[in-house]
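Read top to bottom, the protein sequences are chains E and L. Heads up: the first sequence begins at 0 in numbering that gives the first Met the number 0, then just goes up one per residue. Heads up: the second sequence begins at 0 in numbering that gives the first Met the number 0, then just goes up one per residue.
Keep in mind that the hints were calculated from the coordinates and are not lab data. From a predicted model like this one, the values you see are computed outputs, not experimental measurements. A virtual CB, placed ideally from N, CA and C, is assigned to each residue, including glycine. Heads up, some of the hints might be wrong.
One-sided and incomplete, this derived list gives chain L residues near chain E with beta-carbon spacing under 10 Å [as the list claims (entries may be wrong)]:
hint, residue
1, 86
2, 334
3, 345
4, 356
5, 383
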Amino acid sequence: MGLPLTISELVVPGGKGRVLLSLPKLELPAGALVGVRGPSGAGKSTLLYALAGLLEAEGSIRWGETELLRLGAERRTRFRADNIGMIFQDFLLFEELDAGANAALTALFRPRRERAAMRLRASKRLSALGLGDHAGRHVSSFSGGERQRVAIARAMAAEAPVLLADEPTASLDRASADRLIDDLVHLARDSGTTLIAVSHDRHLTDRMDRVLTITDGALLGDEATAA
Amino acid sequence: MSDLWYSLPALAQDIALTFALLLPALLVGALVLRGFAPWPLTRAILWRFRGASVMFVLLIAISVGMGIGLLAQERGLRRGTAQAADKFDLVVSAPGSELSVMLAAVFLQPTDMPLLDGATYDEIASHENVSVAAPLAFGDSYGDAPVIGTTAEFARDLADDRIEGRMWQASDEALAGALVPLGVGESFTPAHGHGDAAEGDAHGDAHLQIVGRMAPTGTPWDRAILLPVEAVWEVHGLANGHAPERAGQIGPPFDPDYFPGTPAVVVRAEALWANYALRSEFTRDRETMAFFPGAVLAGLYAVLGDIRQVMSLMALVTQGLVAASVLLGLFILSRLFRRQIALLRALGAPARFVFAVVWSFGAALLVAGAGLGLLTGVAAASVLSRVVTARTDILVTAPIGWSEIHFLAGFVSLTLLLSLLPAAVVLRQQVVDGLRA
Chain E
0 MGLPLTISEL VVPGGKGRVL LSLPKLELPA GALVGVRGPS GAGKSTLLYA
50 LAGLLEAEGS IRWGETELLR LGAERRTRFR ADNIGMIFQD FLLFEELDAG
100 ANAALTALFR PRRERAAMRL RASKRLSALG LGDHAGRHVS SFSGGERQRV
150 AIARAMAAEA PVLLADEPTA SLDRASADRL IDDLVHLARD SGTTLIAVSH
200 DRHLTDRMDR VLTITDGALL GDEATAA
Chain L
0 MSDLWYSLPA LAQDIALTFA LLLPALLVGA LVLRGFAPWP LTRAILWRFR
50 GASVMFVLLI AISVGMGIGL LAQERGLRRG TAQAADKFDL VVSAPGSELS
100 VMLAAVFLQP TDMPLLDGAT YDEIASHENV SVAAPLAFGD SYGDAPVIGT
150 TAEFARDLAD DRIEGRMWQA SDEALAGALV PLGVGESFTP AHGHGDAAEG
200 DAHGDAHLQI VGRMAPTGTP WDRAILLPVE AVWEVHGLAN GHAPERAGQI
250 GPPFDPDYFP GTPAVVVRAE ALWANYALRS EFTRDRETMA FFPGAVLAGL
300 YAVLGDIRQV MSLMALVTQG LVAASVLLGL FILSRLFRRQ IALLRALGAP
350 ARFVFAVVWS FGAALLVAGA GLGLLTGVAA ASVLSRVVTA RTDILVTAPI
400 GWSEIHFLAG FVSLTLLLSL LPAAVVLRQQ VVDGLRA
């Protein structure tokens, strides 16, 4: 089950007195699918990284009962490991490892007793994404769509209640992107995961429950979609 | 505690010291890696940067190998020279430089030496504590081989009684050292002097025949031709050490009145303690000088010991520099895999895991380099030994000893500790900057 998000008075400073992002209030229910759009450099990725606890910020970011900005660096990292899966535009896989090892990457720093279960889940995710027969193949031989599927399997291997995706379809051709959107939306809905996806791709944002529009570091639009 | 340490056998001490030197690295490794399995990622990073990794490993291996090889070689040389002097308990000669006489008598380096007369020789040979007193007569040569006159007893002792053919029985017979290019049955005419200055026809009417070949001794004597000291005196037109009515005699006792002189006498005492008594007895101002070649060598090693320390220090500094360049390389490489590190952090990898990945990458390079360096060192020491043996005829073997193992263990330990630095620096990089790089 996903986590609800409550943001209040969030300010992400950018140094020299600049403000990268300012978000006075935002509430998302658990299991919501939310798109974030806006021009390049508007602060979309900044929002995503702040939600992951990767940026220093003022105000409050509350995931469920956890006040993220109050946690120290290592506790934030642990929170991320347990609760947040991340997907990136250029996949960020380890090219030297096979698909199975990439999907189960986070098992390497899990306690020994959890590793086998984690690997099993990663393998199931790969199968659900149609890559079950290719788990032993090196990802360097994969197409863009296949790589992003491996990245999704990796993000969901820990059964994290939150999935943050940064332009997940931007490096894919239209057909691959559409298939990936289908898979991502189904997986998120089936597992009740809260999904926040930054994207320029209308095909993706149209499938979300809500779409936020960010311009110049401020939230200018928050609309429900027909999905 | 120190009593316990000294009560241990040497091998146990060596093993314990190696372990103690490695202990910091083992502890750090255990602490850094505890609870994590970074090896798949370490392997992936090693494979991604395989060219640079191989270069680093080779760099470390060559520097470690050279250090180890030189240290082993230096010890091998000491051992070889000491072994060469083994058969020369006590040498008596005219006063002068002990080092020159030792180089001449033990290592057969040509030098001009004053002679001891018959009376002096007789006094030595007839001393109650002396069991062997062999005159050594240098000065002639055949090709590259020095021709040395001495007694059958000393020649036999030198070859440990392993002589192919037979011992000489007349003054026109000789024994060849193991490396002399003359076979049993062949004849030769000794030249007066050595090398370019040798006068080839000075002893034109002397024809000597090789009747035996000595087993290899691993000393410069392997290249020498030994003959009865009487033969040396005779070819120089001198009396042959025996009164006319006993002119055919070969070997001691010699008649002092017919003894033309000898530059050095190798003395063996009846008992070990007697050597010391003989040394003080025959150390006389302006008459004779008696010394232990082993002690002269020990003195030489003491002087060279400082050089050994300098060499060890230089080897350490070189290794330190290589380690520093490897660390610098790790810094640079860590910039290259900055995105992967940022990704791991973004996926929730604890700082210590990232630290473990970067450290184990450096550790793999250092340990592989040190291991390969050990093999390189063994190979380098063996090649150097062969070269030195071929050039000096002193049999030098340089197996890797515990001091080299300790040196290596210290190097590995220190560099593994130092490679914590690049690992720590990697952690200071901003995750978001790394993801956007």
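Failing hints, ascending?
1, 2, 5
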